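K.L.:
Sequence order for the protein chains is A and B.
By the numbering used here, the letter at position 87 of the first sequence is numbered 87, and the numbering carries on one by one without gaps.
By the numbering used here, the letter at position 26 of the second sequence is numbered 309, and the numbering carries on one by one without gaps.
The set of hints was computed from the structure by calculation and includes no laboratory data.
Be careful, since some hints might not be right.
Said to hold, decoys possible - Computed spacing ranges between beta-carbons, pair by pair:
#, chain 1, residue 1, chain 2, residue 2, range
1, B, ALA693, A, VAL70, 43 to 53 Å
2, B, ALA412, A, ILE50, 24 to 34 Å
3, A, ARG55, B, ALA433, 55 to 65 Å
4, B, ALA526, A, ILE50, 45 to 55 Å
5, A, LEU264, B, ALA352, 25 to 35 Å
6, B, SER353, A, TRP190, 48 to 58 Å
Owing to the predicted nature of the structure, the values given are computational and were not obtained by experimental measurement.
Glycine is no exception: its CB is placed at the ideal position from the N, C-alpha and C atoms.
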Amino acid sequence: MEKAVKKYSPIFVLPTLLAFTIGFIVPFFEGLYLSFCQFTTVKNAKWVGISNYTRVFADETFLHSFGFTVKYAVVAIVLINVIALGLALLLTRNMKGTNIFRTVFFMPNLIGGIVLGYIWQILINCILSLVGQPLLALNSQAGYWGIIILTAWQQIGYMMIIYIAGLQNVPEDLIEAAQIDGATQWETFWKVKLPMIMSSITVCVFLTLTNSFKLFDQNLALTGGEPNHLTEMLALNIYQTFYARAGLQWKGLGQAKAVLFCLLVVVISFAQLKATRSKEVQQ
Amino acid sequence: MKKLLALLLAGAMALSLVACGGSEPAAPEAETGSVYYLNFKPEQNDAWQALAAAYTEETGVEVTVVTAASGEYETTLMAEMGKDEAPTLFQVNGPVGLANWTDYCYDLTGTEVLGQLTNDGFALKNGDAVAGIAYVVESYGIIANKALLAEAGYAPEDINSFAKLKEVAEDITARSEELGFAAFSSAGMDGSTDWRYKTHLANLPIYFEYQADGIGSTAAIKGTYLDNYRAIWDLYINNSTCAPADLAGKTGDDSRNEFLAGEAVFFQNGSWEYGSLSAVYGDDELVMLPIYIGVGDEANQGLCTGTENYWCVNGQASQADIDATLAFMNWCVTSEKGTTAMANDMGFVIPFKAAVESPNLFVKQDVAYTEAGKTPVSWNFPTMPSEEWKNGVGTALTMYAADQTDDNWAAVVTAFVDGWASEYALANG
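Could you put the whole structure together from the sequences, leaning on the hints where they help?
P.N.:
See below:
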């Protein structure tokens, strides 16, 4: 049996490999090439060297959107993971109605980002209007917190499910042993449960981190970068450079931004994986 | 047996994927070529489809019309242009939009359809070459509801200057409780439709400045008439259906719906709105007034009339397709079927010799104004340096509407004047 699988493995790999090549590898390298070109469509690219990259760092909106994204990511990652873990702890206590609560918390995840963005835009604008504050389109502070609240609301349920799975895998005998040794609730959590769910934490932090840096739909629908690009995150900034600008020089610039953006996300998420993995324990 | 089946299935899957990747067998290159029109105006999609079918029936030349979703034209065009079967006929919105597509525009000099234009001014030049030709002329102004205006005790003829417009609007606001309607429908500044103010209204101070300086475009706007721009903006936002601070979230649709529901007398928009307004109001209930801002010879000011819709032919298509496209364009603007469809079904006024009169009320009014000796205000927003400039002005205007201080107006002036210079340098640097 194993021999047969080995023998035919290229055939089983082939469809996925083809799809991966067509859908990822080819466009990736084409994109890399285009970032060194001036172009309108992918067919009429003209090589211009690294000038696109030098212009990226002269673009203030890009640097601002990077700063804004980092500010958002730090708060969002902490907030989402702390609340999700808290909920997971609550919902693994064999309370009545646990399943209903789990479903309710998970549901926001099933709605698309654009729809959520517009719904929250209406909600937040209503509140701002009631308290006499400038609406979202004029209020970068409200835009910043709006994006955080929206994405927290959307992602907490998903992360919660991962934490619940992790918590359920903590062996009962470990907890029992800790209790017999006289550990308090807090000690059981901090010294037994937490180390045992480090793998869940790795996954959740990875997901929230990459989601935060790649955030696009929610940003587009909720604030659209208003006012004056002040709430524009990296992905939206790249999109705007590419599509909202007329002229030959912008497409290549957008592409160069996209390549840098890709590198940045890869580097940050690898660093994070390495850092949290080192804290995982073997059962 | 099972193994064989699995193998076959895997093979079939792989094959089907390969088939997806490859292109379909190319149709034999027809002598006649074919036309692929990427249409900009969603409102006219059905009429274009019908016209294309009629052309195919008459000549046997295949015409494909695809319409891009509202606000998605540039992205759709970019994607379509990268394909093997690229559009042969597309449109740009003037010199700024042309910048993206100069490599693709076929030089229309000497073509038959160019010769059909009533005025050379409708050709879009790129150096010495003709990159595009305008195919529709539109007008905008302040659309007024005659019945409501009469209820307030005024006739459209009373409003012949900015001072008069201000007097009427402020009187209506003062009595709005008793009258049950407001002067202006909400000046929606949501990003989707704020072009009514950051582009169309902004055209007026630019037009008068160009007139005063005797120029047609500039690298640095002076902002001579921005105080007048402020005055009319104040009038719009303070005599409206909603509080000025709420305008940031209002859209053009909200504004139209208020006008349709009879909640406001005035609605700034253009002849393209005729279709939706005529569904509720008869021709004798509507009138379009010039936008007076208190500058120039107001007694002889007409509507703002011009175009930002230019047809371009894809110069990178095969010669057969280019010829077929030119023939199709020519047929649209010269044949009876083509001109009738463009006037009646699409409601266009086309700047071509064989044009049929359009039933569009606002277009007729524009003609009447011109015949009465009034000078139309030309569209100068194609010379605005970039979308980014418009967005900057739009945001500043919205901010000013929410908090009408001199400081906030200074920000509008900065976005208008300094923003123009810096964006012009970026676009032309």
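K.L.:
All hints are to be evaluated individually against the structure, with a verdict given for each.
P.N.:
Now the hints, each set against the structure:
For B/ALA693 paired with A/VAL70, a C-beta distance near 32 Å fails the hint of 43 to 53 Å. Distance hint for B/ALA412 and A/ILE50: a CB-CB separation of about 32 Å, consistent with the stated range 24 to 34 Å. For A/ARG55 paired with B/ALA433, a C-beta distance near 59 Å keeps the hint of 55 to 65 Å intact. Against the hinted window of 45 to 55 Å, the Cβ-Cβ separation of B/ALA526 and A/ILE50 comes to about 51 Å, which satisfies the hint.
At about 32 Å, the CB distance of A/LEU264 to B/ALA352 agrees with the hint of 25 to 35 Å. For the hinted restraint 48 to 58 Å between B/SER353 and A/TRP190, the CB-CB distance of approximately 55 Å keeps it satisfied.
Of the numbered hints given earlier, the model fails hint 1 alone.
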